[in-house]
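J.: Could you slot chain S onto chain X? The hints should help.
Chains X and S, in that order, give the protein sequences.
Per our numbering: the first sequence = residues 1 to 253.
Per our numbering: the second sequence = residues 1 to 323.
Derived from the structure by calculation, the hints contain no laboratory data.
Hints are not guaranteed to be accurate.
[Claimed, not checked] Simulated crosslink set (EDC-like; lysine to aspartate or glutamate; CA at most 16 Å straight-line):
| no. | chain 1 | residue 1 | chain 2 | residue 2 |
| --- | --- | --- | --- | --- |
| 1 | X | 84 | S | 101 |
| 2 | S | 243 | S | 284 |
| 3 | X | 7 | S | 112 |
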Amino acid sequence: MNFYAIKSIYLFEMARTWRTLMESIASPVLSTSLYFIVFGSAIGSRIADVDGVSYGAFIVPGLIMLSILTESISNAAFGIYMPKFSGTIYELLSAPVSALETVLGYVGAAASKSIILGTIILITARFFVDFSIEHPVWMVAFLILTSVTFSLFGFIIGIWADSFQRLQLIPLMVVTPLTFLGGSFYSINMLPPFWQKVALFNPVVYLVSGFRWSFFGVADVNVAVSLGMTLIFMAACLTGIWWIFRTGYRLKA
Amino acid sequence: MKPLDSSHASPPAASERAIISVSGLNKIYGSGFQALRNVDLEISRGEIFALLGPNGAGKTTLISIICGIVNPSMGIVLADGHDIVRDYRGARSKIGLVPQELSTDAFESVWDTVTFSRGLFGKAPNPAYIEKILKDLSLWEKKDNRIMTLSGGMKRRVMIAKALSHEPTILFLDEPTAGVDVELRRDMWEMVRSLRDNGVTIILTTHYIEEAEEMADRIGVINKGEIVLVEDKTVLMRKLGRKQLTLQLQHPLNAVPAALSGYDLTLSEDGLQLIYDFDAQSEETGIAGLLRLLSEQGIDFKDLHTSQSSLEDIFVDLVRGRA
Chain X
1 MNFYAIKSIY
11 LFEMARTWRT
21 LMESIASPVL
31 STSLYFIVFG
41 SAIGSRIADV
51 DGVSYGAFIV
61 PGLIMLSILT
71 ESISNAAFGI
81 YMPKFSGTIY
91 ELLSAPVSAL
101 ETVLGYVGAA
111 ASKSIILGTI
121 ILITARFFVD
131 FSIEHPVWMV
141 AFLILTSVTF
151 SLFGFIIGIW
161 ADSFQRLQLI
171 PLMVVTPLTF
181 LGGSFYSINM
191 LPPFWQKVAL
201 FNPVVYLVSG
211 FRWSFFGVAD
221 VNVAVSLGMT
231 LIFMAACLTG
241 IWWIFRTGYR
251 LKA
Chain S
1 MKPLDSSHAS
11 PPAASERAII
21 SVSGLNKIYG
31 SGFQALRNVD
41 LEISRGEIFA
51 LLGPNGAGKT
61 TLISIICGIV
71 NPSMGIVLAD
81 GHDIVRDYRG
91 ARSKIGLVPQ
101 ELSTDAFESV
111 WDTVTFSRGL
121 FGKAPNPAYI
131 EKILKDLSLW
141 EKKDNRIMTL
151 SGGMKRRVMI
161 AKALSHEPTI
171 LFLDEPTAGV
181 DVELRRDMWE
191 MVRSLRDNGV
201 TIILTTHYIE
211 EAEEMADRIG
221 VINKGEIVLV
231 EDKTVLMRKL
241 GRKQLTLQLQ
251 HPLNAVPAAL
261 SGYDLTLSED
271 GLQLIYDFDA
281 QSEETGIAGL
291 LRLLSEQGID
301 FKDLHTSQSS
311 LEDIFVDLVR
321 GRA
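This is chain X alone, in the form it adopts within the complex (with noise of 0.2 Å):
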């Protein structure tokens, strides 16, 4: 195992995140902030308690969800979009490392970035609504599971995409619709049974849902189901980047 090249890919990830500070930590906080005054505080002091919880804290993990979400996919994509875009990739792909290796650098740099994003936000949201949350080692899990697996998904969209249009598609276009309608701001018990049950087919759901029930030990799907589905998306990035490897999709010719 080449720890040493781990270590080097892991630390100039995050050497890009603390150089852009104010984009990658200021401007999410602050647009979920502004998310918190408008639904929590504005609105959401019109709506009715979601299952039993005031609705402010309720798109709390939604909010969280949503923030990692795109941000690992953002994140995992550019780390390795840049150096093929820059022509770089020529010097990962000439050293000593292997695959994991290179996942273990890149992903394991993204995901950390969106983990410290998540307790960023989640301390910025109790300034603004009171929760509390039952299952802290479960919210912990569901934290970086979510977080590793989507910085996965970014990283095949990062050696999928040959042009940074590409690579705003995925997030822009599939990524953000699934976060919106999967329950990050709603329960999915209050859409019409037929859209409830169309809302099964969106993974983010299962993820929201999970990630909600440890906080506040109410879900709209059971959390071991919600667990597995996560897993299941890990397995299928993981297979992803493993037949990249293999073939040298977009990476060797």
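T.: Coordinates of chain S only, in the frame set by chain X:
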């Protein structure tokens, strides 16, 4: 740029074993284009090997396969005894690569990017060594500068520093002096020599014949994916050392007179040109003797000129001959 005194490198090993051995290497790209055809090549330990060839001949493909950037279609490559596919860690940790394209990070500092490279190749941090490389490459003053603020020549040096950061024993320089000013080119040549003196094997591609002449111990020519010639530079230079003296005669001859048989002479078809092949580098070219004999034989000439074949001629002949 001061010459690199790489005390870290192994002393010039007297191993007879080739440090790189390529056998039966083929590369067919997805488009169906065959970039390499049955390439067999051995690079000796500690030599400077120049790979010459026109654009699109397969130079970069060959290097990219050895370095792990392109997958081979068929064939085996060993780098210092390590199979580049099965034992890629062993092979790659020995190799440093400076690619042709100027590809660098933008926002990172020179120091960070070189340190990153060393780690990537699995070496423990060694700030003293990185400092030495940067000083040798006249980059020390710029170590905290963002790479994007550097000039093209400086970026090229950064790429060399990155390639040397893990103390490779084999260094690939793909068109190292393309688009580089004269001063940097001289510096690079000097650096390459001092690396070689410290036991590093160097493979460079170029299409400057002058560069190959100046630097290389051996020269290989590749064209249309095939190695068409591999030769010691001195042997090649001896061939190049051949000169021709052409004499325009007053009166045509039917045959070369017997008295001149001691000279390597040929007569043109019309009998009006006498051509003498000689070695320009030897002490005695024989020209004076030949001219004396000619006047003794009463053979008059109205004009004479000499010509020398260059590496370029040989190169062009080879490339055309295979076209």
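J.: Which of the listed hints are broken here?
T.: none
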